[in-house]
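Here the protein sequences come in this chain order: W and V.
If you count by my numbering, then the first sequence holds residues 337 to 535, one letter each, in order.
If you count by my numbering, then the second sequence holds residues 2 to 179, one letter each, in order.
Because the hints were derived from the structure by calculation, they are not lab data.
Some hints here could point you the wrong way.
As the list claims (entries may be wrong) - Calculated cross-link-like contacts (lysine-lysine; reagent style BS3-like; alpha-carbon spacing at most 25 Å):
{"no.": "1", "chain 1": "V", "residue 1": "K41", "chain 2": "V", "residue 2": "K26"}
{"no.": "2", "chain 1": "V", "residue 1": "K26", "chain 2": "W", "residue 2": "K534"}
{"no.": "3", "chain 1": "W", "residue 1": "K438", "chain 2": "V", "residue 2": "K26"}
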Amino acid sequence: MTNTTAHNAKVMNRFDLTKRLVAKLDHDEAVIGGIGNSNFDLWMAGPRPQNFYMLGSMGLAIPIALGAAIAQPQRHVVALEGDGSLLMMLGCLATVAARAPKNLTIVVWDNGMYQISGSQPTASAAKADLVGIARASGIERSAWAADEADFERLFKAALSEGGPTLIAARIDGEPGTGATDRDPVQIRARFMAGLDVKR
Amino acid sequence: MSDTSKNPPPWYEVVLATLKANNVKLAVYVPDKVLTTLIKALEADPFFIVFAATREEEALGIITGAWMAGMRGTLLMQTSGFATLPNALASLVMPYQIPAIMFVSERGTLGEFNLGQALVCHTMRPVLSSLGIENHTITRHDELEFIVDRSIKQAVATQAPVTFILSPLLTGGKVFKA
Numbered sequence: 337m338t339n340t341t342a343h344n345a346k347v348m349n350r351f352d353l354t355k356r357l358v359a360k361l362d363h364d365e366a367v368i369g370g371i372g373n374s375n376f377d378l379w380m381a382g383p384r385p386q387n388f389y390m391l392g393s394m395g396l397a398i399p400i401a402l403g404a405a406i407a408q409p410q411r412h413v414v415a416l417e418g419d420g421s422l423l424m425m426l427g428c429l430a431t432v433a434a435r436a437p438k439n440l441t442i443v444v445w446d447n448g449m450y451q452i453s454g455s456q457p458t459a460s461a462a463k464a465d466l467v468g469i470a471r472a473s474g475i476e477r478s479a480w481a482a483d484e485a486d487f488e489r490l491f492k493a494a495l496s497e498g499g500p501t502l503i504a505a506r507i508d509g510e511p512g513t514g515a516t517d518r519d520p521v522q523i524r525a526r527f528m529a530g531l532d533v534k535r
Numbered sequence: 002m003s004d005t006s007k008n009p010p011p012w013y014e015v016v017l018a019t020l021k022a023n024n025v026k027l028a029v030y031v032p033d034k035v036l037t038t039l040i041k042a043l044e045a046d047p048f049f050i051v052f053a054a055t056r057e058e059e060a061l062g063i064i065t066g067a068w069m070a071g072m073r074g075t076l077l078m079q080t081s082g083f084a085t086l087p088n089a090l091a092s093l094v095m096p097y098q099i100p101a102i103m104f105v106s107e108r109g110t111l112g113e114f115n116l117g118q119a120l121v122c123h124t125m126r127p128v129l130s131s132l133g134i135e136n137h138t139i140t141r142h143d144e145l146e147f148i149v150d151r152s153i154k155q156a157v158a159t160q161a162p163v164t165f166i167l168s169p170l171l172t173g174g175k176v177f178k179a
C-alpha cells in the first residue's frame, strides 16, 4: 500500500475511474453501486448483469457487498461508495475488518461534498481522512490513489492479492454522467441471475 | 427419547432448529439481553455464520446482499433497533422484494421499566403496518415452530420480508428487579 495522503492525491474524475475499474473486471466480479452518482456512473460505464444499483438506503453499499462476499466467497465483490454515504455508515468498516473477507474491495469516491443534494460540504472536506478511518477500523489494506495509474494498480492488486481492501480516490465536482433505470425488481432479478443464483 | 411434551426445548432452540431446517445460515445481530441465549446457541452451531453489526440498518444490508448472492439470512434485534429501520425497509427491502427474516425481542411492554423503550415500542407495529410487512407476535411456545417455519417459507416463496416479534410471554423478557 502507498503512503499517499489525501492532501497529495490527485483530483481525478469518477466516471473516468469507474470506466477504468470496470475494464479490469474479467471474472464476473459483483459490483455494488452506492446511491446517486456512484451507481449512475457505474450504469453509464456499461451494463453488466453482475452490477447492483441502489436506489435508496444511503450508506448500505458496503454492507450489501459484505453480505454478497460472505455468501459467495469464490467471487470478488466490489462496493462503490461516496464520501457522504460512507460517513453515514462508518461502523461498517469495523464490521468488514472483523469479518476480513478476502474477496471484498471497497472503492470510495471522495469529492468532499453531498453533490447530488446541492453540493454541501461533507466532513471529509474539512478534517476527516477516510483512509485513516478505514485503517484505524482495521482494514490495513487502505490507501489513497495517487493518480489514475496508481488507482489501476491498487485495484488490480486488490482483485488478485486478496483483501479486504479499501481504495479512496479524490474526485472532482463533475456530476454523474447519466441515471440508472429505476426498476428495483428488474435490477435485483438481473443481479441474482448475474451471480448464478437459482431460486 | 425424552418426553418433549412435558419438557419442551427452550424457545431459542426451537428458533435455531427452525432456521436450520429452512437453510437460513447467516445470522447478523445487534444484541439484546433477551436474545443472548439464542445468539450463544447459534454461535455454538457450526452450521451458522453469526456476527454482530454496528447497527440494524447495516445488518439489513448484509442479509440483503447475502440473499441476492444465494444465502438466506436473518436479523436479530430489539425493539429500539427495529425503530432505526424504516428507511432501509422502504427503500431497499420492500422495492427490491427481499425476504428479510427479522426477529425482534419485544421491549417496552409487559413490565417495561424504561420509558424510552416503552415509547419506541409504540412505533413498531404502525411501521410494520404502514409498509405492509407480514408480522407475527409470538406469545406461545406451542405455536412458535409453526409460525416461524411457515412464515420463512412464505417469505421466500413470496419474496417479502417477515418480522417475528418475540413477546415477553414467550421469552420471559427483561425483568425489572426493584
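Results of checking the hints against the structure:
{"no.": "1", "hint": "K41(V) - K26(V)", "result": "holds, 15 Å"}
{"no.": "2", "hint": "K26(V) - K534(W)", "result": "holds, 17 Å"}
{"no.": "3", "hint": "K438(W) - K26(V)", "result": "holds, 20 Å"}
Against the hints set out earlier in the document, no violation occurs for any number.
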